[in-house]
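K.L.:
Please build the complete structure, drawing on both the sequences and the hints.
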Amino acid sequence: MTCSGRNKVRPVNLGSKGEQIMTKSPPPDALSAEAAERFEHGSSERVLIPGWNRIFVLCGIAYICFHIAVLNFWSLDAWVFRAIHVNAAGVLCVILYAGRLGASRKRPGLWDLLLAGGAIFATVYIWSELDMLLMRTGVMMTTADVVVAIIGILVVLEITRRSSGLALPILASIFMLYCFAGPILPGVLSHRGYDLGSVASYLYSMDGVFGIATAAAAQYIVLFVVFAAFLQVSGAGAFFMNFAFGAMGWARGGTAKVALLSSALFGMISGSSVTNVVASGTFSIPVMKRAGYRASSAGAIEAAASTGGQLMPPIMGAGAFIMAEVTGIPYTSIIIAAIIPCLLYYLALYVHIDLEAQKEGIHGLPRSELPQLRPMLKDAFVLLPLVVLLALLFSGYSVIAAGTWGTASAMLVMFARSAGLDSRLLSLPMLLLLVMLIAGPSRVGPNVVGGYTMGLSAIILFGAYLLKAQRPSIAFVLSDMMQKAVEACSLATRQSLQLVAVCACAGIVVGVIGLTGLGGRFSGLLMGLAGESQLLALFFAMLIALILGMGMPTTAAYAIAASVVAPSLQRMGLPPLSVHFFIFYFAVVSAITPPIALSSFAGAALAGASPWETAFRSLRYGIAAFVVPYLFITHPAILMDGSVTDIIQTVATAGLGVWLLATASEGWLRGRLTPWFRVCLAVGALCLIAGDVLTDLVGVSVALALIMLRLRTRFGKYPMPE
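Per my numbering, residue 1 is the first one in the sequence shown, and the count goes up by one each step.
Not one of these hints is a red herring.
Derived SDA-like pairs: lysine to any residue, alpha-carbon spacing no greater than 20 Å straight-line:
id	residue 1	residue 2
1	K378	R471
2	K289	P366
3	K106	R54
4	K359	F677
5	K289	P611
6	K106	C59
7	K289	G361
8	K468	L421
9	K289	E369
10	K359	R294
11	K378	L421
12	K106	V47
13	K378	M411
Here are the computed distance ranges between Cβ atoms for each label pair:
id	residue 1	residue 2	range
14	F394	G517	36 to 44 Å
15	L154	V387	39 to 47 Å
16	I460	M140	53 to 61 Å
17	I474	L58	18 to 26 Å
18	I329	R521	20 to 28 Å
19	M140	I329	35 to 43 Å
20	L154	M550	20 to 28 Å
These are calculated hints, taken from the structure and not from any lab test.
For glycine and all other residues, C-beta sits at the position ideal for the given N, C-alpha and C.
P.N.:
Following this line, the structure appears as structure tokens:
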């Protein structure tokens with residue numbers, strides 16, 4: 001029986017039968033967009049005048065092409081490559097972002113041009129003095145070395161402030177001050193101290209700004225941001241939204257379940273939780289509110305769903321690439337390990353959404369007003385790039401080759417859509433892809449085989465275009481493709497800037513930790529406080545990851561927490577993959593953790609709801625992410641590390657436990673639950689999630705007893721005691 005809640009909902013008219021629900025997201029309310037921007041950037045994004053906009057777009061295209069060329073064809077020294085990667089992003093950043101919120105300037109000013117000039121000068125200096133810098137950095141610095149390093153560090157701090165806010169630059173500045181204050185600090189914080197030249201030259205080197213985080217950004221993150229942008233522009237974003245409406249829009253609370261599915265799919269190809277919220281929530285939050293969800297619930301659902309997108313394989317935002325770089329674990333192993341935890345996270349969110357819809361009487365949309373799944377199959381070829389990416393990753397190709405040819409296949413999809421070709425014509429290129437996989441990188445280089453296959457696929461598609469009876473002109477097709485490619489490059493550039501900046505700024509913090517030996521001393525302190533208790537050490541690690549993640553992007557929070565906490569946990573004998581996944585998950589969910597929950601605040605701004613109420617609701621919706629990571633340590637089977645029997649048992653009991661925990665959190669099971677019932681249900685859930693045979697038996701017994709009692713008191717003669 002469904003409770004007649006406070007909202008008597010009329011169906012939401014989203015379109016006639018068969019109409020595609022979304023091709024482009026409608027523009028958000030101006031005030032909501034401005035409010036959401038406060039949580040995404042430290043300054044306002046300029047609306048550039050046409051001349052400067054053309055400069056930005058052309059520079060962005062050059063930036064993208066530079067990365068693809070260096071990663072695939074052009075051999076360049078790693079330091080020079082990373083310097084161009086960071087400082088070119090710095091130039092683009094000062095063009096795109098104004099120096100402060102609300103700035104009305106539509107072109108860069110003098111200060112912006114000085115910053116851009118400093119970034120260019122630092123790059124030219126590193127390239128020209130490379131051989132000498134390799135010998136004297138941190139040892140025999142010249143005055144010019146120190147000046148260039150200071151300029152470069154200031155540029156990194158400023159572009160990070162503009163693109164992601166004050167939190168990370170302030171943290172990096174505090175760490176740099178620590179380099180000088182060591183002699184006057186007590187206890188574990190004390191060190192001998194360093195002079196300005198040593199600190200600046202060390203931090204603006206391969207041990208700091210251009211270290212592991214920047215290496216991951218330069219080699220992998222930008223490439224996959226480009227892939228995601230081309231995938232989105234080629235039509236995958238609209239397909240995801242339409243598929244979500246067709247698959248789940250009819251269900252109870254269907255609009256929220258659509259938001260869950262679409263945000264998970266879109267979040268998978270984006271590197272920022274707040275970006276996910278703003279991009280998906282612009283459309284989904286108003287629809288959820290019209291369907292009957294409270295404003296705070298709509299904002300919280302979108303925040304929790306979008307945040308979970310960074311846990312969604314195969315792309316997982318940007319943090320997974322840094323994890324692969326730091327641990328040396330193959331990226332394919334990381335995305336396989338992420339599958340079950342991601343499903344458990346979204347299971348908990350789904351249960352919350354369903355129970356709240358039941359509690360509030362929120363119904364689904366009429367099937368007649370939703371897209372039909374069968375006709376949508378003709379557009380399923382927009383997912384070809386994802387198929388290519390996964391096929392190449394799991395057939396032995398490098399991450400770079402997979403990302404490059406995934407992007408090339410997105411160009412084929414763009415051509416097919418511009419030419420109006422049917423998806424069946426993509427079947428032959430798919431067969432050619434299988435030929436490429438059979439040839440394999442061990443026989444022929446991936447660039448040779450991939451180029452041959454994609455070229456032949458393009459020829460086949462062009463032949464199909466010529467044979468098409470009513471075809472658009474070739475000029476129209478090429479013009480449309482060019483417009484989409486430029487749009488994709490511009491989108492990729494905008495999405496890359498924040499990631500590049502935060503990785504470079506996080507490198508400053510990591511460099512200070514390495515220079516001062518703080519990591520080793522902190523590890524000793526953590527192990528001393530935790531003693532022999534792994535649980536206590538993990539709890540401290542969770543707090544550190546959550547605190548670091550409050551106010552800064554996931555990428556930076558994970559990179560810093562991993563450098564500080566991971567070594568001490570690994571010294572306790574814990575496996576590297578489990579440790580880094582543990583830290584990564586809490587860095588991700590920090591975006592919905594009060595008191596500074598950036599994703600929740602962005603969702604509240606779009607929904608017009610209370611930020612605090614939205615934050616605590618999103619925290620409750622994402623509750624599984626605060627429990628499941630402990631299983632990474634106690635039961636590695638949750639990360640696909642174990643026998644088939646262990647994996648099945650762990651997944652089954654953890655899934656049931658997550659369902660019970662979400663039910664206890666929502667306080668509804670065919671009626672409102674009393675406090676004592678919810679506590680007992682939560683205890684049973686935690687026993688199941690613990691994963692041992694004894695606790696599983698206890699958890700199952702408690703769950704069965706409580707559910708039988710609930711059914712009896714709900715439908716029997718006896719009321720449930722208060």
